[in-house]
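Visitor: Listed below are the residues making up each chain.
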Amino acid sequence: MMENNRRRFLKVAGIAAIGLGASPAISFASSDAHGAAVAVKRKNKEALSAHRWGMVIDTNKITDEIVEKIIDACHKTHNVPDFNHEVDEEKYPETRPVNHKQEVKWIWEEEFHNAFPDKEDEFLAERFHDLPFLVTCNHCKNPPCVQACPTQATFKREDGIVLMDFHRCIGCRFCMAACPFGARSFNFRDPRPFVEEIDPRFPTRSKGVVEKCNLCAERLALGEQPHCVEASEGAIVVGDLDDPESEVRALLNEHYTIRRKQSLGTEPSVYYVM
Amino acid sequence: MNKNLIITGLVIFVLAVLSPFWFNIVTTTQAAPEPELLGKAKTEKKCVLDKYDMRANHMSLLDEWRDAVVRDADRQYDAANGKSFGMSLSTGENSCLGCHEDKAKFCDTCHTYASVDPYCWDCHTNPKEIE
Amino acid sequence: MLEIAIKGSKNYWLWLVFLLVVMGAGTIAYLDQFMNGLMTTGMSRDVSWGFYIANFTFLVGVAAGGVMVVIPYYLHNYEKFHRITILGEFLAVGALIMCLLFIVVDLGQPIRMLNVLLYPSPKSMLFYDMLVLNGYLFLNIVIGWKVLEAERNQVEPPSWTKPLIYLSIPFAIGIHTVTAYLYCGLPGRGFWLTAILAPRFLASAFAAGPAFLIILCYIIRKFTKFDPGWDAMQTLSKIVCWAIIANLFFFLCEVFVVYYSNIPGHKVHIQYLLFGYHGYTALVPWMWTSLTLMATGAIFLLIPQLRNNKTLLPISCAMIFFGAWIDKGLGMISGGFVPSPLHHVTEYGPTGPEIMITLGVYATGFLVITILYKLATQVKEEVRG
Numbered sequence: 001m002m003e004n005n006r007r008r009f010l011k012v013a014g015i016a017a018i019g020l021g022a023s024p025a026i027s028f029a030s031s032d033a034h035g036a037a038v039a040v041k042r043k044n045k046e047a048l049s050a051h052r053w054g055m056v057i058d059t060n061k062i063t064d065e066i067v068e069k070i071i072d073a074c075h076k077t078h079n080v081p082d083f084n085h086e087v088d089e090e091k092y093p094e095t096r097p098v099n100h101k102q103e104v105k106w107i108w109e110e111e112f113h114n115a116f117p118d119k120e121d122e123f124l125a126e127r128f129h130d131l132p133f134l135v136t137c138n139h140c141k142n143p144p145c146v147q148a149c150p151t152q153a154t155f156k157r158e159d160g161i162v163l164m165d166f167h168r169c170i171g172c173r174f175c176m177a178a179c180p181f182g183a184r185s186f187n188f189r190d191p192r193p194f195v196e197e198i199d200p201r202f203p204t205r206s207k208g209v210v211e212k213c214n215l216c217a218e219r220l221a222l223g224e225q226p227h228c229v230e231a232s233e234g235a236i237v238v239g240d241l242d243d244p245e246s247e248v249r250a251l252l253n254e255h256y257t258i259r260r261k262q263s264l265g266t267e268p269s270v271y272y273v274m
Numbered sequence: 001m002n003k004n005l006i007i008t009g010l011v012i013f014v015l016a017v018l019s020p021f022w023f024n025i026v027t028t029t030q031a032a033p034e035p036e037l038l039g040k041a042k043t044e045k046k047c048v049l050d051k052y053d054m055r056a057n058h059m060s061l062l063d064e065w066r067d068a069v070v071r072d073a074d075r076q077y078d079a080a081n082g083k084s085f086g087m088s089l090s091t092g093e094n095s096c097l098g099c100h101e102d103k104a105k106f107c108d109t110c111h112t113y114a115s116v117d118p119y120c121w122d123c124h125t126n127p128k129e130i131e
Numbered sequence: 001m002l003e004i005a006i007k008g009s010k011n012y013w014l015w016l017v018f019l020l021v022v023m024g025a026g027t028i029a030y031l032d033q034f035m036n037g038l039m040t041t042g043m044s045r046d047v048s049w050g051f052y053i054a055n056f057t058f059l060v061g062v063a064a065g066g067v068m069v070v071i072p073y074y075l076h077n078y079e080k081f082h083r084i085t086i087l088g089e090f091l092a093v094g095a096l097i098m099c100l101l102f103i104v105v106d107l108g109q110p111i112r113m114l115n116v117l118l119y120p121s122p123k124s125m126l127f128y129d130m131l132v133l134n135g136y137l138f139l140n141i142v143i144g145w146k147v148l149e150a151e152r153n154q155v156e157p158p159s160w161t162k163p164l165i166y167l168s169i170p171f172a173i174g175i176h177t178v179t180a181y182l183y184c185g186l187p188g189r190g191f192w193l194t195a196i197l198a199p200r201f202l203a204s205a206f207a208a209g210p211a212f213l214i215i216l217c218y219i220i221r222k223f224t225k226f227d228p229g230w231d232a233m234q235t236l237s238k239i240v241c242w243a244i245i246a247n248l249f250f251f252l253c254e255v256f257v258v259y260y261s262n263i264p265g266h267k268v269h270i271q272y273l274l275f276g277y278h279g280y281t282a283l284v285p286w287m288w289t290s291l292t293l294m295a296t297g298a299i300f301l302l303i304p305q306l307r308n309n310k311t312l313l314p315i316s317c318a319m320i321f322f323g324a325w326i327d328k329g330l331g332m333i334s335g336g337f338v339p340s341p342l343h344h345v346t347e348y349g350p351t352g353p354e355i356m357i358t359l360g361v362y363a364t365g366f367l368v369i370t371i372l373y374k375l376a377t378q379v380k381e382e383v384r385g
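Residue numbers (my numbering), protein chains in the order written: chain R, 1 to 274; chain D, 1 to 131; chain G, 1 to 385.
These aren't lab readings, by the way, just hints derived from the structure by calculation. Warning: the hint list may mix true and false statements.
To be verified - Simulated DEER-style distance windows between Cβ atoms:
hint	chain 1	residue 1	chain 2	residue 2	range
1	G	A25	R	H85	55 to 65 Å
2	D	V14	G	I111	26 to 36 Å
3	G	Y218	R	H100	24 to 34 Å
4	R	K141	D	M54	37 to 47 Å
Claimed, not checked - Under the rule of at most 30 Å between Cα atoms (straight-line distance), these lysine-lysine pairs were calculated in the BS3-like manner:
hint	chain 1	residue 1	chain 2	residue 2
5	R	K41	D	K103
6	R	K43	D	K42
7	R	K43	D	K103
Stated by the list, open to error - Covered stretches of chain D, as calculated for chain R (at least 3 residues, CB under 8 Å):
hint	region
8	85–96
9	112–124
All figures in this text were calculated on a predicted structure; none of them were measured in a lab. Beta carbons: idealized from backbone N, C-alpha and C, even for Gly.
Chain R on its own, in the form it takes in the complex (with noise of 0.2 Å):
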């Protein structure tokens, strides 16, 4: 008898924990005193939106200088940690030195044989040698990263943006392995000493998660265009890949372009005009 009852409260409580699991400790939505309304979430009236983001990288318009003001921008105003940057000793006392192999970063420099190492060539035309070819996440069609994530914190968004919810990421590295870019970064100490005036209008990354390039999809979700994009003075332009109408479209019906290691059917989304 015993036993029965305590099989059966094990029974019930089991069943009662499944059911507390399934339903959402709290509703927002009903919270309201009449009841009546509901709250609803939305996106912002001026964002902008696409079906698919695409960049294009018009190679004949950068120069060094361009560069430079490209990752500038971009890693200033979000935040990404500058280990050359010198730390303020009375703000971040005892800070380690750094490994600069641990070095994060969004979009960065490559010489044409490192960005397009299949695309290698005794003859390259010497124009292409010189040239400084930007590169950073392409926020691939089939992504690899997010296929290996093992919590969903890199995901593909609607609009093709691949993304990093930093809240989620456990830090396991999987992603950085699987990405054939090497566009991922992770965050082996405490970012902060290392940047040089913080941006509050991005978050800055706690250390053990990793991070990439986001397209600024804060920037687009205030209707405005990427950082990149505003210091490149025409050599990059972004837009909606399924859109026929789109500049990206234009450009890519005007120019011969190609993009990293195409052969493993990652469909990247960043093009570059020869």
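Given chain R, put chains D and G in place with the hints provided.
Guide: Only chains D and G this time, still in chain R's reference frame:
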């Protein structure tokens, strides 16, 4: 001898379990501080939810908000009471800190008292703290 | 049954204290890593996995290797393995605990670990790895415990353990297959992108696991009155022999494919490991040592006179074990990351704290294995006595 051992063990266990009470007996406790409403928040009167709901559930609301902003790109919250808010801790007039101007007096007093240490500010910044 | 573990000789206690000291040192190193982040390790933006994940991979193999005694005994009624089956299962328990610890110490945000359960992601191989590793651990604890308990009471093990034992066999294959799938499903990593990775992992696992078991049998014979049986050890050594030969053969297949096809993205990694790349040669001596150890060990085990030599057998097994450890622990992970997808070379070596944490994890695993083996050998002594 076994019996004595067991009883001593039990007594120690009970004493240890009740340690919070002993701690409270020897230390003085303070009444919970009231979060201070200043500036805009004081004149505005109406927040996302009513006062008591907010006190009890703001953490779940913020959790829901951050998923909405990061994952669904929804950044506006039209509350059931008819008011609109930017779903952000610290950016913009319509955000939490946009209205509750003083983080130290609004967030921190209670959190310190309740001994909770949310990691929001490890990453997010209070614009007023940057000079 | 656990009371057996708290009665032991002076040597037993000295060994436990030693392990606890190493665990303590590892914990201190880990606390520093926990507070300051993985900056304390030698990992970098380009080599984002290092010693922890490498040892994890190797130990998954050791755990899976336990199945090499389970299959002959339970599927083919190979009676000579009767006495060592429990040793294989308990070795798997210890190895799996180390695996799980290695995953935890590798995480950047270990506190958020349970997000894996909170947001299950069936497209991620890590999700399945978590399922099979925990499943196999659970199976081995239950099976090992119940079978040993039955032996102590001199009754048949409960009948429900049989299906669990059969289930543990695909699980053993599963843990190492899924672990290989973590790597070989990634499009941009030419070194791992090979269908033979899972078979290769299994081959090296079926060599390293039983090789370690043979060494453990020697230790048991030296320190307890329990004799695992020379015949069983001989059969095991034949398993080790053929598994390591298969492993070497699979590696040869890899080398042929990358060099004959001459596809740069696949070739560079093996080039880096075996001969160095653009002057970077950190792993070259290690890889050749590994190959030499594995090949010599295989030859020693292949020749009956040498295999039957009671002094040489543990040495051959140790050679194979360490050869396989270097192959998987140093070469397999670093080799995949060097050169990087952008063809930059960033070499990797573990730092002091990283090695200390690794040793701490190993000490924890050995503590578990020691206690479980203490139970197993004592029960077997009692029953015979």
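Visitor: All hints are to be evaluated individually against the structure, with a verdict given for each.
Guide: Going through the hints against the structure:
no. : hint                          : verdict
1   : A25(G) x H85(R): 55 to 65 Å   : violated (34 Å)
2   : V14(D) x I111(G): 26 to 36 Å  : holds (32 Å)
3   : Y218(G) x H100(R): 24 to 34 Å : violated (47 Å)
4   : K141(R) x M54(D): 37 to 47 Å  : holds (42 Å)
5   : K41(R) x K103(D)              : holds (25 Å)
6   : K43(R) x K42(D)               : holds (28 Å)
7   : K43(R) x K103(D)              : holds (27 Å)
8   : 85–96                         : holds (count 3)
9   : 112–124                       : holds (count 4)
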